[in-house]
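Novice: Chain residues, written in single-letter form:
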Amino acid sequence: NAGVTQTPKFRVLKTGQSMTLLCAQDMNHEYMYWYRQDPGMGLRLIHYSVGEGTTAKGEVPDGYNVSRLKKQNFLLGLESAAPSQTSVYFCASSRDAFYTGELFFGEGSRLTVL
Amino acid sequence: QQQVKQSPQSLIVQKGGISIINCAYENTAFDYFPWYQQFPGKGPALLIAIRPDVSEKKEGRFTISFNKSAKQFSLHIMDSQPGDSATYFCAAIPYNTDKLIFGTGTRLQVFP
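Keeping their order, the protein sequence lines are chains A and B.
Residue numbers for the first sequence, in our numbering: 6 to 119.
Residue numbers for the second sequence, in our numbering: 7 to 118.
Warning: the hint list may mix true and false statements.
What the hints assert, rightly or not - Coverage of chain B stretches by chain A, computed from C-beta distances (three or more under 8 Å per stretch; other residues unrestricted):
# : stretch
1 : 42-54
2 : 108-114
Claimed, not checked - With a Cα cut of at most 27 Å, we get these calculated DSSO-like pairs of lysine-lysine:
#  : chain 1 : residue 1 : chain 2 : residue 2
3  : A       : K62       : B       : K21
4  : B       : K63       : A       : K14
5  : B       : K11       : A       : K62
6  : A       : K19       : B       : K48
7  : B       : K21       : B       : K64
8  : A       : K76       : A       : K62
9  : A       : K14       : A       : K76
10 : A       : K19       : A       : K76
11 : A       : K76       : B       : K48
12 : A       : K14       : A       : K62
13 : B       : K48       : B       : K21
14 : A       : K75       : A       : K62
15 : B       : K77       : B       : K105
16 : B       : K63       : B       : K105
17 : B       : K105      : B       : K21
18 : B       : K64       : B       : K74
19 : B       : K11       : B       : K63
20 : A       : K76       : B       : K105
21 : B       : K64       : B       : K77
22 : A       : K75       : A       : K14
23 : B       : K48       : B       : K64
24 : B       : K105      : A       : K62
25 : B       : K74       : B       : K105
26 : B       : K48       : B       : K11
27 : B       : K64       : B       : K105
28 : A       : K75       : B       : K11
29 : A       : K14       : B       : K48
30 : B       : K11       : B       : K77
31 : A       : K75       : B       : K105
32 : B       : K63       : B       : K48
Worth flagging that the hints you see were computed from the coordinates, not collected in a lab.
Backbone N, C-alpha and C fix where the C-beta goes; we use that ideal spot for every residue, glycine too.
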């Protein structure tokens, strides 16, 4: 029972490089989210999706792009990485944010930008 | 921007003691108040949640109290155990949105 799977788990980039984080969920959830977690700042929403083919901006979307081409996958892209994007990134999914509020999180992807 | 403020940032409690974490929100447009628990190296997981029409909810040793007039809600962990050592996040869902807004987190350490 995989739940939410994130790849890769660790990555080191140089400033200006690009990369994509992949999130896959096997619970047939409509909603998917990308958060970043930084010390003292909690979890901040980057982008989210309310269904296949849709995306929307969260609290801190600048410098990131996302795509939801398939219901089970949500990709987070960094076109030109900056040291400020060093963080732990969490993907989450939910059946319905309005009624339950229960998000199921992956185990995180630790990104370091040098 | 709607915000959720959480305190304390860190908390040290002896085994058997009560752990109390507080959160406050800045306006009344919130619909649902979950608490998430995160162990090191793992993603957060839902612990317990409350809606604003209820003043208190208890699940085992965990209790949420909600004070709508003060715009505050808190998590109480009774008989705290070393296994409760984790980071706790409060959160809220503003009305008519699909976003979950998190507090800044409280790192709880329970010593035997």
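Novice: All hints are to be evaluated individually against the structure, with a verdict given for each.
Specialist: Hints and how they fare:
Counting residues of the stretch 42-54 of chain B whose CB falls under 8 Å from any CB of chain A gives 7; the rule of at least 3 is met. Residue count for the stretch 108-114 of chain B with a Cβ under 8 Å from a Cβ of chain A: 4. That meets the three needed, and the coverage hint holds. Taking the CA atoms of K62 of chain A and K21 of chain B, the gap is about 42 Å. The hint is violated against a cut of 27 Å. For a cut-off of 27 Å, the pair hint linking K63 of chain B to K14 of chain A is broken: about 36 Å separates their Cα positions.
Under the criterion of a C-alpha separation no larger than 27 Å, the hint pairing K11 of chain B with K62 of chain A is consistent with the structure, at around 22 Å. The straight-line distance between the Cα atoms of K19 of chain A and K48 of chain B is roughly 26 Å, inside the 27 Å bound, and the hint therefore holds. About 20 Å separates the Cα atoms of K21 of chain B and K64 of chain B, which keeps this hinted pair within 27 Å; it holds. Annotation: proposed proximity of K76 of chain A to K62 of chain A holds, straight-line Cα distance about 18 Å (limit 27 Å).
Proposed proximity of K14 of chain A and K76 of chain A is supported: the alpha carbons are some 22 Å apart, at most 27 Å. Proposed proximity of K19 of chain A and K76 of chain A is contradicted: the alpha carbons are some 31 Å apart, above 27 Å. Distance check on the hinted pair: K76 of chain A and K48 of chain B sit about 24 Å apart at the alpha-carbon level, within 27 Å; holds. Straight-line distance between C-alpha atoms of K14 of chain A and K62 of chain A comes to about 24 Å, which keeps the hinted pair within the 27 Å bound.
Of the pairs offered as hints, the one joining K48 of chain B and K21 of chain B holds, with about 23 Å between alpha carbons and a cut-off of 27 Å not exceeded. Our distance criterion of 27 Å between C-alpha atoms is met by K75 of chain A and K62 of chain A, whose separation comes to about 18 Å. Proximity of K77 of chain B to K105 of chain B is assessed by CA-CA distance (about 19 Å); at most 27 Å being required, the pair is judged to hold. For the proposed pair K63 of chain B and K105 of chain B, the alpha carbon gap of about 23 Å is at most 27 Å, so the pair holds.
With a C-alpha separation of about 35 Å, the suggested pair K105 of chain B and K21 of chain B falls outside the 27 Å cut-off, and the hint is violated. A hinted pair counts as satisfied when its Cα atoms are at most 27 Å apart, and K64 of chain B with K74 of chain B qualifies at roughly 17 Å. With a C-alpha separation of about 21 Å, the suggested pair K11 of chain B and K63 of chain B falls inside the 27 Å cut-off, and the hint holds. Simply put, K76 of chain A and K105 of chain B have alpha-carbon atoms about 18 Å apart, close enough for the 27 Å limit, and the pair holds.
The suggested pairing of K64 of chain B with K77 of chain B holds, with an alpha-carbon distance near 19 Å, which does not exceed 27 Å. A hinted pair counts as satisfied when its Cα atoms are at most 27 Å apart, and K75 of chain A with K14 of chain A qualifies at roughly 21 Å. Under the criterion of a C-alpha separation no larger than 27 Å, the hint pairing K48 of chain B with K64 of chain B is consistent with the structure, at around 25 Å. Our distance criterion of 27 Å between C-alpha atoms is met by K105 of chain B and K62 of chain A, whose separation comes to about 10 Å.
Distance restraint check for K74 of chain B and K105 of chain B: the Cα-Cα separation of roughly 21 Å lies within the 27 Å cut-off, and the hinted pair is therefore satisfied. Note on K48 of chain B and K11 of chain B: the hinted pairing holds, with a Cα-Cα distance of about 23 Å set against a maximum of 27 Å. With a CA separation close to 25 Å, the supplied pair K64 of chain B and K105 of chain B stays within the 27 Å bound. Distance restraint check for K75 of chain A and K11 of chain B: the Cα-Cα separation of roughly 35 Å exceeds the 27 Å cut-off, and the hinted pair is therefore not satisfied.
Between K14 of chain A and K48 of chain B the CA atoms are separated by roughly 11 Å; this keeps the pair inside 27 Å, and the hint holds. At most 27 Å may separate the alpha-carbon atoms for a hinted pair to count; K11 of chain B and K77 of chain B meet this at roughly 11 Å. Between K75 of chain A and K105 of chain B, the direct Cα distance comes to roughly 21 Å. Compliance with the 27 Å bound is thereby established for this hinted pair. Between K63 of chain B and K48 of chain B the alpha-carbon distance is near 26 Å, which keeps this suggested pair within the 27 Å criterion.
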